[in-house]
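Protein chains in written order, with my numbering: chain A, 1 to 114; chain B, 1001 to 1116.
A couple of the hints might just be wrong.
[Said to hold, decoys possible] BS3-like mimics (lysine-lysine), calculated; alpha carbons at most 27 Å apart, straight line: (1) LYS101/A <-> LYS70/A; (2) LYS101/A <-> LYS1041/B; (3) LYS70/A <-> LYS3/A; (4) LYS101/A <-> LYS1014/B; (5) LYS1041/B <-> LYS3/A; (6) LYS1020/B <-> LYS3/A; (7) LYS101/A <-> LYS1020/B; (8) LYS3/A <-> LYS38/A; (9) LYS1020/B <-> LYS1041/B; (10) LYS38/A <-> LYS16/A; (11) LYS1064/B <-> LYS1014/B; (12) LYS1014/B <-> LYS1066/B; (13) LYS1041/B <-> LYS1066/B; (14) LYS1041/B <-> LYS1055/B; (15) LYS38/A <-> LYS1041/B; (16) LYS70/A <-> LYS38/A; (17) LYS1066/B <-> LYS1020/B; (18) LYS1055/B <-> LYS1020/B; (19) LYS1055/B <-> LYS1066/B; (20) LYS1014/B <-> LYS16/A; (21) LYS1041/B <-> LYS1014/B; (22) LYS3/A <-> LYS1064/B; (23) LYS1066/B <-> LYS101/A; (24) LYS1020/B <-> LYS1064/B; (25) LYS101/A <-> LYS16/A; (26) LYS101/A <-> LYS3/A.
[As the list claims (entries may be wrong)] One side of the interface only, derived from the structure: several residues of chain B facing chain A at Cβ under 8 Å: (27) THR1049; (28) GLU1052; (29) LEU1100.
[To be verified] Just so you have them, the derived chain A footprint on chain B, three or more residues with Cβ under 8 Å: (30) 1086-1098; (31) 1109-1115.
Note that these hints are calculated values from the structure, not bench results.
Each residue gets a CB set at the ideal place from its N, CA and C atoms; glycine is no exception.
Residue strings, one per chain:
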Amino acid sequence: AQKVTQAQTEISVVEKEDVTLDCVYETRDTTYYLFWYKQPPSGELVFLIRRNSFDEQNEISGRYSWNFQKSTSSFNFTITASQVVDSAVYFCAHGYSSASKIIFGSGTRLSIRP
Amino acid sequence: GAVVSQHPSRVICKSGTSVKIECRSLDFQATTMFWYRQFPKQSLMLMATSNEGSKATYEQGVEKDKFLINHASLTLSTLTVTSAHPEDSSFYICSARATLPRDEQFFGPGTRLTVL
């Protein structure tokens, strides 16, 4: 069975610092998807990224970047020049397909201090 | 992206009553919907997979007689918490699977249930 581990329960940094959220996954499947979601205090999940297991290219979207490494089963998420609005709980997740049931990690609560 | 709505967004009920939560895909048809539950400061846990026109598939440990799921149309799935108790207080989130233009899943905004 698949498993997603987010070892960092809480992270607190000062605004403008860079921060990396770690995600390690376990799966026996050769084809799978990995996701990152943001959950602000309102509770609504905000989709950030979906990555297919065959695509190991790192991705950058503005201040966000993701480092996918199958060799270490990791899919880490970095926020550059963090802002207070980045404060939220971030979930890494795994699915068999892009639209199958999703297994979530335990989440990392990120606090950005002004 | 596609829109998924949930109703109500927040509900408070007395212990022993039943509560129905609706999940609607507003601009696409969803043959499959998922129901998740999130207790305070915890992760989302899948409760069940709802397929249009057939019985839902429940995850291990989820009581199917307590959490009734009905997916009667391609745009609506309902979750009924029967005889709710304080320990059922949680944040319930649904998601819907869209197949066009590509296969992906969209989450609803969630329903916060408080059982007194």
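Status of the hints after comparison with the structure:
1. Simply put, LYS101/A and LYS70/A have alpha-carbon atoms about 21 Å apart, close enough for the 27 Å limit, and the pair holds.
2. For the proposed pair LYS101/A and LYS1041/B, the alpha carbon gap of about 21 Å is at most 27 Å, so the pair holds.
3. Restraint check: the Cα-Cα separation between LYS70/A and LYS3/A comes to about 15 Å, which is no more than 27 Å; the hinted pair holds.
4. Taking the CA atoms of LYS101/A and LYS1014/B, the gap is about 31 Å. The hint is violated against a cut of 27 Å.
5. Only pairs whose Cα atoms come within 27 Å are accepted, and LYS1041/B paired with LYS3/A is accepted, the gap being roughly 19 Å.
6. A C-alpha spacing of about 31 Å is found between LYS1020/B and LYS3/A, which places the hinted pair above 27 Å, so the restraint is violated.
7. For the proposed pair LYS101/A and LYS1020/B, the alpha carbon gap of about 22 Å is at most 27 Å, so the pair holds.
8. Restraint check for LYS3/A and LYS38/A: satisfied, since their Cα atoms lie roughly 19 Å apart, inside the 27 Å limit.
9. Taking the CA atoms of LYS1020/B and LYS1041/B, the gap is about 24 Å. The hint holds against a cut of 27 Å.
10. A C-alpha spacing of about 19 Å is found between LYS38/A and LYS16/A, which places the hinted pair at or below 27 Å, so the restraint holds.
11. At most 27 Å may separate the alpha-carbon atoms for a hinted pair to count; LYS1064/B and LYS1014/B meet this at roughly 21 Å.
12. For the proposed pair LYS1014/B and LYS1066/B, the alpha carbon gap of about 16 Å is at most 27 Å, so the pair holds.
13. For the given pair, LYS1041/B sits about 23 Å from LYS1066/B by alpha-carbon distance, which is consistent with the 27 Å threshold.
14. As the CA atoms of LYS1041/B and LYS1055/B are separated by approximately 31 Å, the hinted pair breaks the 27 Å bound.
15. About 14 Å separates the Cα atoms of LYS38/A and LYS1041/B, which keeps this hinted pair within 27 Å; it holds.
16. At roughly 23 Å between alpha-carbon atoms, LYS70/A and LYS38/A fall within 27 Å of each other, so this suggested pair holds.
17. Restraint check for LYS1066/B and LYS1020/B: satisfied, since their Cα atoms lie roughly 12 Å apart, inside the 27 Å limit.
18. Restraint check for LYS1055/B and LYS1020/B: the C-alpha separation of about 17 Å stays at or below 27 Å, so the hint holds.
19. For the proposed pair LYS1055/B and LYS1066/B, the alpha carbon gap of about 14 Å is at most 27 Å, so the pair holds.
20. Taking the CA atoms of LYS1014/B and LYS16/A, the gap is about 46 Å. The hint is violated against a cut of 27 Å.
21. Between the alpha carbons of LYS1041/B and LYS1014/B the distance comes to roughly 23 Å, so the proposed pair stays at or under 27 Å and holds.
22. Between LYS3/A and LYS1064/B the CA atoms are separated by roughly 24 Å; this keeps the pair inside 27 Å, and the hint holds.
23. Taken as a hint, the LYS1066/B and LYS101/A pair is honoured in the structure, with Cα atoms around 21 Å apart against an allowance of 27 Å.
24. Taken as a hint, the LYS1020/B and LYS1064/B pair is honoured in the structure, with Cα atoms around 14 Å apart against an allowance of 27 Å.
25. Taken as a hint, the LYS101/A and LYS16/A pair is broken in the structure, with Cα atoms around 35 Å apart against an allowance of 27 Å.
26. Taken as a hint, the LYS101/A and LYS3/A pair is honoured in the structure, with Cα atoms around 13 Å apart against an allowance of 27 Å.
27. Checking THR1049/B against chain A: minimum C-beta separation of about 6 Å stays under 8 Å; hint holds.
28. Annotation: GLU1052/B was flagged as interfacial toward chain A, and the flag is violated, the nearest CB pair being 14 Å apart, outside 8 Å.
29. At its closest, the beta carbon of LEU1100/B sits 11 Å from a beta carbon of chain A; the interface hint therefore is violated under the 8 Å criterion.
30. Under the rule that three or more residues need a Cβ within less than 8 Å of chain A, the assignment of the region 1086-1098 of chain B holds, with 5 such residues.
31. Residues of the region 1109-1115 of chain B lying with their CB closer than 8 Å to a CB of chain A number 3, which satisfies the three-residue condition for coverage.
Violated hints, listed in ascending order, are 4, 6, 14, 20, 25, 28, 29; each of the other numbered hints is respected by the structure.
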